[in-house]
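Protein chains in written order, with the working numbering: chain A, 107 to 466; chain B, 107 to 466; chain C, 107 to 466; chain D, 107 to 466.
The set of hints was computed from the structure by calculation and includes no laboratory data. If you're wondering where the values come from, they're calculated on a predicted model, not measured in any experiment. Don't take each hint at face value.
Note that the list lumps identical chains together, so a pair holds whenever it fits in one copy or between two copies.
Straight line, CA to CA, 30 Å or less: simulated DSSO-like cross-link-like pairs of lysine-lysine [unchecked claim]:
1) 366 / 149
2) 366 / 173
3) 366 / 169
4) 269 / 310
5) 149 / 190
6) 169 / 269
7) 169 / 310
8) 149 / 169
9) 269 / 190
10) 109 / 269
11) 109 / 310
Residues per chain, in single letters:
Number of protein chains: 4
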Amino acid sequence: MEKTDVAVLGATGAVGQRFIQLLEGHPWFQVREVIGSSRSAGKHYGEAAHWVLDDNPPDDVAKLTVKALNDPLDSPLVFSALPKEAAIDREVELAEAGHVVCTNVSVNRMAPDVPLMLPEVNADHVGLISVQRYRRGWSGGALVANSNCTVMPVVMSLKPLLKYGIRRLHLVSEQALSGAGYPGVPSLDILDNIIPYVPGDENKMETESRKMLGRFRDGAIDELEMIVSATCTRVPVTDGHLVNISVELEEAPDCETIIKDWVTFRGPDPVPSLPSAPSSPLQYLEQIDRPQPRRDREAGQGMVTSIGRLRECPILGYKFAALSHNTVRGAAGCSILNAELLAVEGYIQGSPLAEVAMAK
Amino acid sequence: MEKTDVAVLGATGAVGQRFIQLLEGHPWFQVREVIGSSRSAGKHYGEAAHWVLDDNPPDDVAKLTVKALNDPLDSPLVFSALPKEAAIDREVELAEAGHVVCTNVSVNRMAPDVPLMLPEVNADHVGLISVQRYRRGWSGGALVANSNCTVMPVVMSLKPLLKYGIRRLHLVSEQALSGAGYPGVPSLDILDNIIPYVPGDENKMETESRKMLGRFRDGAIDELEMIVSATCTRVPVTDGHLVNISVELEEAPDCETIIKDWVTFRGPDPVPSLPSAPSSPLQYLEQIDRPQPRRDREAGQGMVTSIGRLRECPILGYKFAALSHNTVRGAAGCSILNAELLAVEGYIQGSPLAEVAMAK
Amino acid sequence: MEKTDVAVLGATGAVGQRFIQLLEGHPWFQVREVIGSSRSAGKHYGEAAHWVLDDNPPDDVAKLTVKALNDPLDSPLVFSALPKEAAIDREVELAEAGHVVCTNVSVNRMAPDVPLMLPEVNADHVGLISVQRYRRGWSGGALVANSNCTVMPVVMSLKPLLKYGIRRLHLVSEQALSGAGYPGVPSLDILDNIIPYVPGDENKMETESRKMLGRFRDGAIDELEMIVSATCTRVPVTDGHLVNISVELEEAPDCETIIKDWVTFRGPDPVPSLPSAPSSPLQYLEQIDRPQPRRDREAGQGMVTSIGRLRECPILGYKFAALSHNTVRGAAGCSILNAELLAVEGYIQGSPLAEVAMAK
Amino acid sequence: MEKTDVAVLGATGAVGQRFIQLLEGHPWFQVREVIGSSRSAGKHYGEAAHWVLDDNPPDDVAKLTVKALNDPLDSPLVFSALPKEAAIDREVELAEAGHVVCTNVSVNRMAPDVPLMLPEVNADHVGLISVQRYRRGWSGGALVANSNCTVMPVVMSLKPLLKYGIRRLHLVSEQALSGAGYPGVPSLDILDNIIPYVPGDENKMETESRKMLGRFRDGAIDELEMIVSATCTRVPVTDGHLVNISVELEEAPDCETIIKDWVTFRGPDPVPSLPSAPSSPLQYLEQIDRPQPRRDREAGQGMVTSIGRLRECPILGYKFAALSHNTVRGAAGCSILNAELLAVEGYIQGSPLAEVAMAK
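Whole structure, please, built from the sequences with the hints as guidance.
Quick look at the structure:
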């Protein structure tokens, strides 16, 4: 099968690099265009990018010439890791011009007609694209977002509990450095230290989780009504966000039942069979001192959320810890999974899979 | 004034070292006896102790010969940093033999007739010593404990709010490495990592805080009735425990009022005038990203608790972060402050201050 | 092809775990026996081992019952990660009993008839096994060692320069925590700190490098005559030893020539075709700030040594930095590569490869 | 005695903050003017400075209004922690206008008529000021530099060995994060990592050390002739640069003699009696694993250099490790000590000490 051409916006930044790393050898997608700042434009990617991940950029991408932000693009599928200010207009322009834009940026996430997707949790929100296209007068383009990287493990671990009714949620995160991008947190601020505040994230925890766990009906997302109290802290860990979660449910399942709900959770078809989907999106660790960022973030190539320490909370009923790799499952990897879903559902024009989807 | 002789039990361990460091140049107390394991006994302290704090042990203590655990002691005042198993019997024996034992060990903390003290919070619990002596048939000896190092900042920051009625408390700690002693946490377990579990501490958070905030009346401690939910995590920080606290009050003071309660808090006389007492035991930091362990743990020579980020909690009403130096205010420093209180209250026989106290 | 049964001595320790991790899915070898301390013996491996690597132990090994140190073994091939004291006698006993023992332990490394092997560097030292067997009266057994983990990158990077004549070598290492085993370095000793001393390693740098780079002739190793000055320091890095190397050569090749020597280096046949051998054992990084432990230790699945910063040394002529993954290429991975070489060379009785080798 | 007014250039940066912290309560100097970037100018210092040191800025300085770079200054004594580009012209202008400028910046260090001073090492280089004033036509102003923070411990530990004749010097540094300023090294570059390169420092090690150890005669510095090979690396440590030093001497003193030279070293009068001078500028640590950055950097309030591990180097004869607090003794603290020397020597006009000096 021919691969779909892909463009990466903000390709030289930390999340842009993760897109490129994860797309290396992808069975459906091929990076053909890399877009950077005016400072990078015109250079080879290998030269323009100060590679902050392990090893070096893949050879085929290293040879690409970096395009400028406003250069026209050929690729039907676009991944965006732009800085916020650059993203606001450009993402919409590209979607209007017919590109399917899967964005990791926060600016458009809470727009009512932009699906905020984590496929195992809310694959049906993809239906919002038709509303979006109709409302905005777009033909083949679309704008689809994935969530904040700290919201992600919360939503993933709560989805199987949704059936018990979620009333209140108390969250305290311990977030990795890569969540702040590059150069991000100065080492002098975080070595032998923690910072009890992460700008913007507490609010996102409260708003994005309600939208993602909401129901798509009558052409709109009906947000989940629940009370959320979030505290976000930064810790000296390279990758892997851990969230300490207390939750109040309407029903009172026992802990064994909840653990069974987690480990048997798969998400709706066709999500489990997508190339980037792990066989099980959740694992429960029995050891009393897990999950731990360094030891568990790579589970399922960084796409599995690890849960541990489920026990009684004297205040809200249940408490546990959840961990996800923030730049894989919580950012670029999720965006790619979203794109895979859009591909098999026929939303990406010019994709060979679109024809397969159409034929169904 | 002549100084009171002091013995340190468990002197070669991490907390024992902190006792020795903090007692260097103390105006009332002088370390005369150091007690270590059988392996250390007979050696000079400077040779026996693998000093893990900065710099080196004070010269006068370095020259002392380490005594064995069961050697008889001459000092009227004893600080204990023994391992748990060694502490159980030996602390009681020494108190029975007439020594005033200020212990940092957990084993005897919850005994009904052992005061669990943080002087600014519950100096009046000292009255329990008379009960203890009467019940156990002790004459001049006594056994007084200070709390777990993570409970300490919680209790200190809640004391000024006690008047509003405390109903429920949700705690998530981020604890420093020195809280686990030495050698303690292996570096391979914590570099680029956090551990979402600290053995034993969650239970202590719930029980010790109720006792410390309780009222001493009719010869007993009437524990505070409140519901506590605690999660304890370990982070790669050398010193300084930070606790993320959500609290539900019966009344509804505004945040300015609470901050004023904190910054004006002094504790009852004669505590503020004791040598190790800071001028104000609490400080409130206005910066949104404080308190931070590395930048705030040394406040007031490690004896001040720093609070920040007071704001509304959608679930319990109020939330904030509190930080204390865990081996100073949360351990050895608190034990010394307890001893200073006992000294001026006349509980330490042979102390020159006892005579002054008696004369009052 | 049927796999050769393998036993791992010291299987529950940090290096033992790395053996088990690296042998998972190995094409020739299958872990059938795990040997631990008396405390672990009789338990399932999954229960006995406090797994310190990422993720969890492989399922098939987790189910094995741990054997005691002196239990008889069935496997023809034995990997040893024993503590030093346990290793001295047991390794020799097992070799005497007909097992091929590939050891990562230091005790027998410098014995004149024990090959100290890094296959790309000195595959011909395997010939020493005949001497060993003859001298000790062993029939099918053998004892083969790999080097200290800090010596390894030095020897690997110097091998291609051997032809220019190596006179003097000045080494300053910056070593990772895993080199000290588990629990190893206490976190309180190394967070926000370095330790300018690693017990025993400076001496090994000087002796083992001379033996490894020596020539096997007339049934003995003729050590390389060179003067070595080594300083070993410990840094807060999980894995990956970096060594700052200054070297004096008899000849004066230019830097381009040396870099070409490195990148074209392969080692003698059949080494490059062994399953664990990387396609090129050395890579040269052009970036001025590389190699770095976190970014380069995983090169070639941890089997490639990364070199960088080759430049003039005003004192010795040349200087550069070399980095290897200390528990993969510098320990368990090297031991496995040694075993692969022994297998194809016909030294492992009962191995299907032995028959192939014999037939040649 | 009235205090001399002091201005701090680059006051909001990391080194500028250290100047302000160290000058708090200084017996001779009082910070009256703080100079920042155009972005900071006009604001109160407490508001303009993102304080990166522990605790908070001193109250009296926090209230000062930040001046712009080109605002005229009143203070006779100026400390400079400017960025390099800003420093080049402005430092010279201020000296020309009659201010005594003690700079921590590198740009003017190697100018032939600028003394590069470490008072215990080369107090007599102060004589170069007369040459400077004469040559440049300045009346009361002067420009005096202190060295690079990594050069400093090298020069301090070598000074007592100068009498044995220093021929060759091999240096490998392990440098702290604060040496790179703030924000400086991104945490993602250094957590669980080291960087084997520090831009610019290797060259400074070679040039500055020769000048500092040189002799002032005939109105010029006669640089020490020695061969220096330096490698500079960055490690995850907040403060404290450690250098692994190998040195070749013309004579062959034994190690005891060298240690005695170090511990008895004081520097020439009047240096030992200056307010910021430690009683002994060098300490030798007998423990085999010292000096360590976290445990030894605060020795003598950060003004003492710690040495350890003196032993034979098979190549150069001697090797040892030296450590200094890089932002105290290696930067701001040294600059203040230089100013104290200038004050008592009568070089600062309008300083009460100048009159005392004149009267002598």
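Hints, verified against the model:
{"no.": "1", "hint": "366 / 149", "in the structure": "between (52 Å within a copy, 27 Å between copies)"}
{"no.": "2", "hint": "366 / 173", "in the structure": "neither (49 Å within a copy, 34 Å between copies)"}
{"no.": "3", "hint": "366 / 169", "in the structure": "between (48 Å within a copy, 23 Å between copies)"}
{"no.": "4", "hint": "269 / 310", "in the structure": "within (23 Å within a copy, 34 Å between copies)"}
{"no.": "5", "hint": "149 / 190", "in the structure": "both (23 Å within a copy, 29 Å between copies)"}
{"no.": "6", "hint": "169 / 269", "in the structure": "neither (50 Å within a copy, 36 Å between copies)"}
{"no.": "7", "hint": "169 / 310", "in the structure": "neither (37 Å within a copy, 37 Å between copies)"}
{"no.": "8", "hint": "149 / 169", "in the structure": "within (9 Å within a copy, 48 Å between copies)"}
{"no.": "9", "hint": "269 / 190", "in the structure": "neither (35 Å within a copy, 46 Å between copies)"}
{"no.": "10", "hint": "109 / 269", "in the structure": "neither (39 Å within a copy, 49 Å between copies)"}
{"no.": "11", "hint": "109 / 310", "in the structure": "neither (35 Å within a copy, 53 Å between copies)"}
Hints 2, 6, 7, 9, 10, 11 from the earlier list are contradicted by this structure; the remaining hints agree with it.
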